[in-house]
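Undergrad: Let the sequences and hints guide you as you build the complete structure.
The listed protein sequences correspond, in order, to chains B, F and C. Position one of the first sequence corresponds to residue 265 (our numbering), numbered consecutively onward. Position one of the second sequence corresponds to residue 23 (our numbering), numbered consecutively onward. Position one of the third sequence corresponds to residue 49 (our numbering), numbered consecutively onward.
Worth double-checking, as some hints may not be accurate.
What the hints assert, rightly or not - Heads up, simulated BS3-like pairs for lysine-lysine below, C-alpha to C-alpha not over 25 Å straight-line: (1) F:K112 x B:K421; (2) F:K105 x C:K140; (3) B:K327 x C:K233; (4) B:K479 x F:K112; (5) B:K421 x F:K32; (6) B:K425 x F:K112; (7) B:K425 x F:K32; (8) C:K263 x B:K327.
Claimed, not checked - If you anchor each label on the Cβ, the simulated ranges turn out as follows: (9) C:N253 x B:K471: 29 to 39 Å; (10) B:E492 x C:E104: 28 to 38 Å; (11) F:E83 x B:Q311: 35 to 45 Å; (12) C:V261 x F:T55: 55 to 65 Å; (13) B:Q316 x C:E145: 34 to 44 Å; (14) B:D532 x C:P169: 49 to 59 Å.
No lab work stands behind these hints, which were simulated from the structure alone. In this text the structure is predicted, and so the values were computed from the model without any measurement. Just so you know, even glycine gets a beta-carbon here, dropped at the ideal spot from N, CA and C.
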Amino acid sequence: MKQILILSGKGGTGKTTVAASFIRLAKAKVFADCDVDAPNLHLLFPQKEEPQKNLFFGLPKAKIDTTLCTSCDLCRQHCRFSAISKDGNGYHVDPFACEGCAVCGALCPVGAVSFEEAPGGDLFLYCGEGVTFSTATLRMGSGASGKLVSEVKQQIKEASKKAALVIVDGSPGIGCPVIASLSGADLVLIVAEPSLSGISDMERIIKTAGIFGTKIAVCVNKYDTHMENTEHIKRLCEGLQIPFAGVIPYDPEVLRAVNEGRTIVEKDCPAGRAVLEIFEKTIPLVLGECVV
Amino acid sequence: MKIALPVDEKSGNSTVCMSFGRTPYFMIYDTETKESIFLDNSAAASQGGAGIKAAEALIHEGMEVLLTPRCGENAAVVIKAAKIPMYRTKGDSIQENIDAFLKGTLPALEEIHPGLHDHGGK
Amino acid sequence: MAENRKKIAVLSGKGGTGKTLVSVNLAATAGNSTYIDCDVEEPNGHLFFKPEICREYSVTVPIPVVDQESCDGCRICSDFCRFNALAYVKDKLLVFEEVCHSCGGCVLLCPQKALKEKEKPVGTVKEGFSGSVLVRSGILNVGEASGVPVIQRLLELPELEESRDGPIFIDCPPGSACIVMESIKDADFCLLVAEPTMFGVHNLNMVWELVRVFKKPFGVVLNKCMRQEQNPAETFCLEKKIPVLGRIPFDPEWGRLNAEGRIVAREKEECQRLFASLLETLMREGETV
Chain B
265 MKQILILSGK
275 GGTGKTTVAA
285 SFIRLAKAKV
295 FADCDVDAPN
305 LHLLFPQKEE
315 PQKNLFFGLP
325 KAKIDTTLCT
335 SCDLCRQHCR
345 FSAISKDGNG
355 YHVDPFACEG
365 CAVCGALCPV
375 GAVSFEEAPG
385 GDLFLYCGEG
395 VTFSTATLRM
405 GSGASGKLVS
415 EVKQQIKEAS
425 KKAALVIVDG
435 SPGIGCPVIA
445 SLSGADLVLI
455 VAEPSLSGIS
465 DMERIIKTAG
475 IFGTKIAVCV
485 NKYDTHMENT
495 EHIKRLCEGL
505 QIPFAGVIPY
515 DPEVLRAVNE
525 GRTIVEKDCP
535 AGRAVLEIFE
545 KTIPLVLGEC
555 VV
Chain F
23 MKIALPVDEK
33 SGNSTVCMSF
43 GRTPYFMIYD
53 TETKESIFLD
63 NSAAASQGGA
73 GIKAAEALIH
83 EGMEVLLTPR
93 CGENAAVVIK
103 AAKIPMYRTK
113 GDSIQENIDA
123 FLKGTLPALE
133 EIHPGLHDHG
143 GK
Chain C
49 MAENRKKIAV
59 LSGKGGTGKT
69 LVSVNLAATA
79 GNSTYIDCDV
89 EEPNGHLFFK
99 PEICREYSVT
109 VPIPVVDQES
119 CDGCRICSDF
129 CRFNALAYVK
139 DKLLVFEEVC
149 HSCGGCVLLC
159 PQKALKEKEK
169 PVGTVKEGFS
179 GSVLVRSGIL
189 NVGEASGVPV
199 IQRLLELPEL
209 EESRDGPIFI
219 DCPPGSACIV
229 MESIKDADFC
239 LLVAEPTMFG
249 VHNLNMVWEL
259 VRVFKKPFGV
269 VLNKCMRQEQ
279 NPAETFCLEK
289 KIPVLGRIPF
299 DPEWGRLNAE
309 GRIVAREKEE
319 CQRLFASLLE
329 TLMREGETV
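TA: Shown next as structure tokens:
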């Protein structure tokens, strides 16, 4: 089993477009969407059967029983997250701000603080027609996105053992959710954008992935919107000895494909052909044992 | 000597788990009594610092050697502070790895990976 | 920040929709404004403004430090810590800084008073000028978990000059999680940027929910609009009765300039007019629709 993770650093570079195409081309039986903040993969791979649903819980959040509270104010004074406030009805905890540290509970002299599990997200596991697809959405106010990403990956663990290739659509950014998506990946394909912002973000994501020693490959999307920047990215990769997997031209068909609910490789167009070439270049990097 | 391994199920026939901090169970094999005990890894459910908590719990249980495929940097700090040696497992057979360790053919675990900071990062 | 200045937060459910394009060009068009880049994981605004930095601040969080001599190994701190940031091993208390959430609990609870706090840098905030625009950027150090402390610092900085009276544009991080909430907390108005794709609508929906929960007045600006193409985002706004305050066309030339880190409104008259019009609409928009 080999796992390919698609990352981009910056959002909107075409990560999901590429990931979805890879899933289609590889006829992947196991795949996951780790962008729990704004999952999109399920829109391209609608499943007939209902998924298994599981609630994801972050740390339990504080709750104040106003009938026991003596208004000593110790909780509010020591809350580092400004989650406790007082109004005409007494003391309240803002569940969006509460981080579940439990300092208030430890300080309360009358035991007025209790902790309730708060659902932080919803996990979905689709297991129909021989396909295992794991995805999740983070609920508003929840901070534990890294842990939720780990859960999304955990859901495909069993099925992954029997699959040849697993494709994971990663999270944008460089923080915890990305670090959590990196675990277990055999190859990271970075989809970069040839803009100043895109290059800056690509460098940060290469640094993050590099810490893990995971194999990296880079491709450039919408390369013809800026040829010089594309060349700059190619040179950067050469310098870092990172395989350059190819380029994808800007193509209005990409937008149309998304709106039709299809992956770009299902359309006969420049972008579709380019993604196919990138796929053909990337697969040997992860499946070929002799690749150094 | 008490040898600890992260395992997927509570059975000697099970497989070595890929993760240390988030393994569902640990097995501690006693070379003198030739008996094994299985522990639930309560740290697996932690948002973050799972490896730290797991390491602390194993030390408390009397682990003297750890066999694992990988180890995060935070857990490694705890284990090294306790002066417990770590060896890198090969393949996922529990028995094969214990035998290899006893024969002295398992390599020491050199690469420590950065923490998988799954801890409520916003 | 001066209370009478209008604070406009620019957000979208997803990255790459044009938040930075919109907030940077609005701030440039307004002049005498303040631009604050709250996307501390991947800040980009400074690449466009290239401000002359005049002030820099380190953002720190408190982390416990142990006096091993006073520590008697009672483990009250490590048992209490919800984040597993403390471990007592071989007569030593170990502190794991990256998982610590700086709640201060261990310091408060230690019976021997063996724990104190030190400040750990997690990021930086920089301030500078680009023409008449005051540019503030925050950056989170690679490896740090939460951008919230950096965003808080960004938004709490006292005003450099009392005379500045233009609007304040807050370029928010993508998504709808905690860092976004932190960024829009004190905004007077939220401008949602939407892309004309099925994905765009799905993500717009998420951020629309967020602004309603926070009871913020809001409106949408449609980006990357193509003529004669169906725009699912516009359809969505129509159905949900969300005010559309502006439409930015998909223009390859503008895209190219943007890719080079240039502020299109400062170089293309048509773009300047579009943003001036959008700005005027925004300054008028006040109450919840």
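Undergrad: All hints are to be evaluated individually against the structure, with a verdict given for each.
TA: Hints, one by one, checked against the model:
{"no.": "1", "hint": "F:K112 x B:K421", "result": "19 Å, holds"}
{"no.": "2", "hint": "F:K105 x C:K140", "result": "12 Å, holds"}
{"no.": "3", "hint": "B:K327 x C:K233", "result": "22 Å, holds"}
{"no.": "4", "hint": "B:K479 x F:K112", "result": "21 Å, holds"}
{"no.": "5", "hint": "B:K421 x F:K32", "result": "18 Å, holds"}
{"no.": "6", "hint": "B:K425 x F:K112", "result": "17 Å, holds"}
{"no.": "7", "hint": "B:K425 x F:K32", "result": "19 Å, holds"}
{"no.": "8", "hint": "C:K263 x B:K327", "result": "23 Å, holds"}
{"no.": "9", "hint": "C:N253 x B:K471: 29 to 39 Å", "result": "33 Å, holds"}
{"no.": "10", "hint": "B:E492 x C:E104: 28 to 38 Å", "result": "31 Å, holds"}
{"no.": "11", "hint": "F:E83 x B:Q311: 35 to 45 Å", "result": "43 Å, holds"}
{"no.": "12", "hint": "C:V261 x F:T55: 55 to 65 Å", "result": "59 Å, holds"}
{"no.": "13", "hint": "B:Q316 x C:E145: 34 to 44 Å", "result": "38 Å, holds"}
{"no.": "14", "hint": "B:D532 x C:P169: 49 to 59 Å", "result": "53 Å, holds"}
Every hint, counting from the list given before, is met by this structure.
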